[in-house]
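S.K.: Position one of the sequence shown corresponds to residue 1 (UniProt numbering), numbered consecutively onward.
None of these hints come from the bench; they were simulated from the model. Given the structure is predicted, the values throughout are model-derived calculations rather than measurements. C-beta: ideal position from N, C-alpha, C; glycine also. Please note that the accuracy of each hint is not assured.
Stated by the list, open to error - Distance condition first, Cα-Cα at most 25 Å in a straight line; then the derived DMTMM-like pairs of lysine to aspartate or glutamate: (1) LYS463 - GLU405; (2) LYS449 - ASP416; (3) LYS463 - ASP416; (4) LYS463 - GLU414; (5) LYS463 - ASP453.
Claimed, not checked - Simulated DEER-style distance windows between Cβ atoms: (6) TRP43 - GLY275: 40 to 48 Å; (7) ALA316 - GLU530: 47 to 55 Å; (8) ALA398 - GLN164: 36 to 44 Å; (9) PRO203 - ALA272: 39 to 47 Å; (10) ARG304 - ALA481: 17 to 25 Å; (11) LYS463 - PRO26: 53 to 61 Å.
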Amino acid sequence: MERFDYVIVGAGSAGCVLANRLSRDPSVRVLLLEAGTRTSGLWARMPAGISRLALPNPNNWAYMSEPEPTMNGRRIYVPRGKGLGGSSAINGMAYLRGNRSDYERWRQMGNPGWGWDDVLPHFMSIETREGGDPAYRGRSGELHVTDPRVRYESSAAFVEACVQSGVPRARDINAPEGEGASFLQFSIRDGERHSTATAFLDPVRGRPNLKVETEALAERVLIREGAARGVAYRRGTEAVTVEAGEVILAAGAIHSPKLLMQSGIGPGEDLARHGIEVVHELRGVGRNLQDHVYLHSTFGARNRGSINASLVGPRAVLQGVVYLATRRGYLTMGASQAVALTRVLPGAASPDAQINFRPMSWAVDESGKVRIGSDEAVTVSSCQLVPESRGWLTLASADPAAAPEIHPNYLSTETDCRAAVAIIRKVRDIMSQPAIAPYLAEEREPGPKTATDAEILAYVRAKGGNSMLHWAGSCRMGPDADSVVDARLRVHGVGRLRVVDASIMPFISSGNTNAATIMIGEKGAAMILEDARSGAAAGAQVLEHA
Numbered sequence: 001m002e003r004f005d006y007v008i009v010g011a012g013s014a015g016c017v018l019a020n021r022l023s024r025d026p027s028v029r030v031l032l033l034e035a036g037t038r039t040s041g042l043w044a045r046m047p048a049g050i051s052r053l054a055l056p057n058p059n060n061w062a063y064m065s066e067p068e069p070t071m072n073g074r075r076i077y078v079p080r081g082k083g084l085g086g087s088s089a090i091n092g093m094a095y096l097r098g099n100r101s102d103y104e105r106w107r108q109m110g111n112p113g114w115g116w117d118d119v120l121p122h123f124m125s126i127e128t129r130e131g132g133d134p135a136y137r138g139r140s141g142e143l144h145v146t147d148p149r150v151r152y153e154s155s156a157a158f159v160e161a162c163v164q165s166g167v168p169r170a171r172d173i174n175a176p177e178g179e180g181a182s183f184l185q186f187s188i189r190d191g192e193r194h195s196t197a198t199a200f201l202d203p204v205r206g207r208p209n210l211k212v213e214t215e216a217l218a219e220r221v222l223i224r225e226g227a228a229r230g231v232a233y234r235r236g237t238e239a240v241t242v243e244a245g246e247v248i249l250a251a252g253a254i255h256s257p258k259l260l261m262q263s264g265i266g267p268g269e270d271l272a273r274h275g276i277e278v279v280h281e282l283r284g285v286g287r288n289l290q291d292h293v294y295l296h297s298t299f300g301a302r303n304r305g306s307i308n309a310s311l312v313g314p315r316a317v318l319q320g321v322v323y324l325a326t327r328r329g330y331l332t333m334g335a336s337q338a339v340a341l342t343r344v345l346p347g348a349a350s351p352d353a354q355i356n357f358r359p360m361s362w363a364v365d366e367s368g369k370v371r372i373g374s375d376e377a378v379t380v381s382s383c384q385l386v387p388e389s390r391g392w393l394t395l396a397s398a399d400p401a402a403a404p405e406i407h408p409n410y411l412s413t414e415t416d417c418r419a420a421v422a423i424i425r426k427v428r429d430i431m432s433q434p435a436i437a438p439y440l441a442e443e444r445e446p447g448p449k450t451a452t453d454a455e456i457l458a459y460v461r462a463k464g465g466n467s468m469l470h471w472a473g474s475c476r477m478g479p480d481a482d483s484v485v486d487a488r489l490r491v492h493g494v495g496r497l498r499v500v501d502a503s504i505m506p507f508i509s510s511g512n513t514n515a516a517t518i519m520i521g522e523k524g525a526a527m528i529l530e531d532a533r534s535g536a537a538a539g540a541q542v543l544e545h546a
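Could you build all of it, start to finish, from the sequences and the hints given here?
M.R.: Next up, the structure:
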């Protein structure tokens, strides 16, 4: 049986960083397991390829939630990256660290070392950012964080409209305060998607002490005498078992809790239902699931307010030629162009709403294919940043290849419902300002007939609310009995086992979660190396019961 010092499960946003950092020491052997392959081809590199990558494809798990009572019984689409880079290889590439207050809340919940001043050095070490204050922006990290190559005129007008509506202009949307309106920043380098696989994994694939296994589905963590001793996985039809000095789950907010439960770690009743032996009862596994609820608005456009016409027919061919020749043009755009991080509920201590603008619209036809909208329109995608609602996930079967049961439980509190209504109203206020008026025609969705609070909320539940694809929190970090890992990301009650990904967030970060997840990978790697030097990695962690 082959033995490694570290076995990392999941080559996603955190896993690629972990593999890079832990394999720096040539005396340490690292195995990185990934269930998928590599996203490849032009659509994977071209930022506009998000329109295809977000749909079901070999590099997307493409799950569906259980019927959601709070969303009129609808099943919510849950795309997750399956391949090197994980969701960073299929996402919208927006780079938002979140607000200083996010990390202060983490620290105040009993997680020392996770306040803003603690995580800032790790944010800085992962990025290369031209411009911005060097007091809080990195200059020499692997991940390139850039401004859009095309600043479309209606996107600039949206930023001005936000300012006219009372949103401050952001000097840097990734400054500690994380508030205001500006163009977005992106994980894009030289006009191409810059995933964590491209940034962190590809440059070190030649290290002889790093082994990367793709199409390797982890089935369970092997636990003996209260500690993780290895991983069993399947590579095609071959069953493989490896020994590990330490096992690190970096499979994301859906798959890390799923793998823990498959390994007998989780809520005992849930495990017993599927005939899985309880190795260690840990009731928080799969609980505290969080996501930002996508709130959809569209507006008809005029006077070159939309780029739709440039992305169909002969003009689309021209844009393709421009992109292939120069890596410029509209095909370098991510999912959105501009953003406002603002406050909509009375008394909000920090931004509680994210409002994204893209100068285009698209539709999904009956076959599931995404196409550009048939006429000129723009899209505003917004969300509540600090939701109170908590969902959960559990196993649907003991079969490791089976999809889990996902219960988002969106809009299940009064505050979240009020926030959804307030955000739609704020979108309307912004889109009524003089700066953007020349580019807009009529409001299409929700539409002017959706006027009262009750009508707006009904629209969101029936049609206008979906996943923002920012899943987090399902292996929560904390010292209490409902948490899963401690502040050093060690699973409570099980030695030599950690979780290092978005699932450990006590509260979801205020914005797109990819930047925070990469930071977690960087900070987690530093902790693992520190503990290895001090000998603190071994042994089970004991919960501090309240």
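S.K.: Next step is simple, just say for each hint if it's right about the structure.
M.R.: Each hint, compared with the structure:
no.: 1; hint: LYS463 - GLU405; in the structure: 22 Å, holds
no.: 2; hint: LYS449 - ASP416; in the structure: 22 Å, holds
no.: 3; hint: LYS463 - ASP416; in the structure: 17 Å, holds
no.: 4; hint: LYS463 - GLU414; in the structure: 19 Å, holds
no.: 5; hint: LYS463 - ASP453; in the structure: 15 Å, holds
no.: 6; hint: TRP43 - GLY275: 40 to 48 Å; in the structure: 41 Å, holds
no.: 7; hint: ALA316 - GLU530: 47 to 55 Å; in the structure: 51 Å, holds
no.: 8; hint: ALA398 - GLN164: 36 to 44 Å; in the structure: 57 Å, violated
no.: 9; hint: PRO203 - ALA272: 39 to 47 Å; in the structure: 46 Å, holds
no.: 10; hint: ARG304 - ALA481: 17 to 25 Å; in the structure: 58 Å, violated
no.: 11; hint: LYS463 - PRO26: 53 to 61 Å; in the structure: 55 Å, holds
Checked against the numbered hints above, the structure breaks hints 8 and 10 and satisfies the rest.
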